[in-house]
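Chains as they are written, first to last, in my numbering: chain A, 5 to 283; chain B, 127 to 191; chain C, 500 to 878.
Honestly, the hints are just simulated from the structure, not real lab data.
Built from N, CA and C at the ideal position, the CB exists for glycine as well.
Hints should not be assumed to be uniformly reliable.
[Said to hold, decoys possible] Covered by chain B, per the in silico footprint, the following chain A stretches (three or more residues, Cβ under 8 angstroms):
no.: 1; segment: 11 to 25
no.: 2; segment: 196 to 203
no.: 3; segment: 220 to 227
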Amino acid sequence: MDDSIKRSYEKYFRLNRLPHLWCPGCGNGIAMKAIVMAIEKHPELNKDNTVIISGIGCSSRASGYMDFDTLHTAHGRALPFATGIKMARPDLKVIVITGDGDCTAIGGNHFIHTCRRNHDLTVILFNNNIYGMTGGQTSPMTPQGKKATTTPYGSMAHPLDPSALAKAAGATYVARSTAYHVKHLADVIEQGLNNHGFAFVEAIVQCPTSYGRKNKMGSPADMLAWMRDHAVMKAAWDKMSDEEKTGEKFPIGVFLDTRAAEYGDEYNKLIERLGGARS
Amino acid sequence: MKGRITLKSERCKGCGICAAFCPKKVLAISTLGQIEIVNGKDCIACGQCELRCPDYAIFVDKEEA
Amino acid sequence: MKARLMQGNEACAEAAIAAGVRFFAGYPITPSTEIAEAMARMLPKCGGKFLQMEDEIASMGAILGASLAGMKSMDATSGPGFSLKQELIGYGAVAEIPCVLVNVQRVGPSTGQPTAPSQGDVMQVRWGTHGDHPVIALSPWSVKETYDTTVMAVNYSERFRTPVILLMDEIVGHLRERVELPEKIEIYPRRQPKKTRAEGYQPYEPDYDLVPNIADFGKGYHIHVTGLIHDETGFPVGSPEVTERSIRRLHEKISRVGEEIIHTKEYFMDDAEYAVVSFGGTARTAYEAVRRMREAGKRVGFLRLITVWPFADKAIERLADKVKGIIVAELNYGQLVNEVRRAVAGRADVALCGKYNMKAFEPEEIEAAVTAMMKGGKA
């Protein structure tokens with residue numbers, strides 16, 4: 005195994021654990037690279053003051069490959085663990101990596117309320133539209149009509165839009181990008197890292213093994229090309245008519261970037277007010 | 127502009143993304159299921175392969191022609 | 500020492516803070532809610548943090564996270580909430596994260612009778628999670644002992660790096676008593692790494708006592724923590740050898756200390772021919788029943804379990820060698836009694852004095868059970 009570093013962002017990987025376990029052509033590796041590229045651009049972040057927390061699923065294996073203090077939690081529970089860590093150590097930058105099933109199904113309630121409290125967390129949801137680790141079952145973000153092992157005749161439900169949910173629930177930064185738009189993805193994650201509050205980034209990634217194969221989406225490269233052909237930058241999307249927003253087109257970009265009271269800050273003010281010695 | 131390609135083949139899973147996005151057909155998947163450079167002299171250092179590789183297995187550096 | 504009138508739940512909260520707990524996450528549930536309310540009032544005054552989370556599972560996740568980041572942590576609930584937390588209790592056991600979880604028991608199953616006492620979670624706290632891991636559960640019988648066992652629970656959780664259960668019940672949780680709190684208590688500090696990264700530090704390398712010195716997050720050790728079975732490095736390993744070794748060590752780090760953490764108390768045992776075994780709030784009534792029988796000249800003794808898990812096998816064995824019959828008084832359909840039977844192994848009669856109708860025991864009921872055994876038992 006060649007542990008030499010070719011690119012500076014590689015220093016954030018646990019090189020002795022690569023290659024990662026994701027399938028050939030899986031988009032998770034691209035999204036993980038975008039995260040470390042964003043961390044590298046952030047002048048204050050380093051391996052000692054940054055923590056990576058993940059749930060369970062394909063996405064959540066990312067934490068094991070990243071050379072920080074890392075925590076691979078239970079299914080759906082990354083956000084409560086992250087909340088505890090952030091409250092205990094507000095000086096640490098806490099990044100959460102989750103998946104569409106992990107974050108919006110089993111962890112849905114935590115997602116809503118962690119947004120609501122606006123904890124200073126940067127959450128990156130790897131959306132592959134399916135439960136990959138368990139072999140391709142439908143997720144809340146499987147588009148209507150698309151197939152999975154548990155929707156063999158096509159998903160009947162409308163997919164969840166976590167960006168809209170995050171906005172409604174009180175997140176202060178919300179963005180979406182794709183594995184095709186690598187640099188854009190790294191950029192929106194970097195902006196998320198700069199937001200002092202709950203920052204949410206949906207990274208659309210290809211799952212060629214389960215989602216792609218079930219839905220005849222072709223090779224991993226074909227799935228990336230699909231993202232290229234269907235993603236529309238927000239500025240252009242906003243100018244489109246409703247008729248133009250048909251088909252499988254979807255917007256990418258920054259949907260919300262604002263500031264609001266952050267829970268930990270408010271709590272520290274309370275401690276100050278009550279004369280509690282800072283611990 | 128010319129490109130110098132470095133492969134970390136122990137990381138390559140042969141997904142073919144780099145070959146598919148290469149505009150100059152420099153790359154191909156070998157019979158062993160891994161990426162190989164079949165036409166290195168045509169590389170224009172566009173970086174598409176490196177950018178899109180999910181496995182950090184291919185890197186391109188610019189070289190003056 | 501200053502005497503104060505306190506409720507059991509309040510004593511639990513005060514003791515936790517005295518023992519160094521600085522993070523509490525919880526969700527309202529009767530009859531444990533006063534613990535959360537007290538923590539919400541007190542923690543910010545001493546630089547600690549309180550969070551009411553969106554649900555029971557989130558509360559457990561938050562305390563595990565805060566503990567990993569170096570803050571001693573606690574959560575309190577009742578039976579239904581405890582059920583919900585089970586997966587993360589197992590996570591805390593396998594990832595070896597210190598924390599204290601209080602279960603103020605009420606009548607179940609399901610929503611049951613929220614305001615009524617019960618001791619129906621004896622087996623839930625021991626066997627509720629999936630897979631194999633040991634459990635330490637302490638059960639106080641008074642407000643003062645709630646204080647003491649809470650401190651003990653915090654210390655054990657840090658020493659053994661495992662979740663520790665404080666198995667309370669509605670009787671003790673809502674009991675108000677005059678207590679004298681200790682001015683000074685022993686505090687077990689957070690374990691620290693004994694090696695640097697350069698010296699080859701491995702977060703899950705066991706120390707001499709089989710407990711690993713896992714670095715807190717944010718100390719520059721770059722450790723990985725997972726609920727998957729892992730080796731000394733902390734990274735998951737799918738081998739039979741590592742799996743067996745890991746599960747065995749989780750058990751042995753607690754079993755190796757043997758009787759040291761198994762606290763029991765004997766009363767009126769000198770020439771006893773029969774004995775009552777009980778714990779928690781029920782032990783108060785059992786004590787009174789035995790006291791009355793002694794006054795009436797009956798040779799009855801009483802063994803009270805403070806540590807419910809690990810089970811007091813040795814104390815029960817000694818009891819079985821001494822008496823003809825044992826009555827187990829517990830507020831349920833019969834849980835602890837089966838453990839007693841196992842440990843007695845036929846050396847004495849064992850009978851259940853159980854109750855599950857929302858009411859605490861009356862001394863007469865336990866007296867009647869002992870009397871029935873005396874009449875029907877071996878002469």
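Hint check:
1. 11 to 25: Since three or more residues must qualify, the claim that chain B covers the segment 11 to 25 of chain A holds, with 6 doing so at under 8 angstroms.
2. 196 to 203: Check failed, 0 qualifying residues.
3. 220 to 227: It holds, with 4 qualifying residues against the three required.
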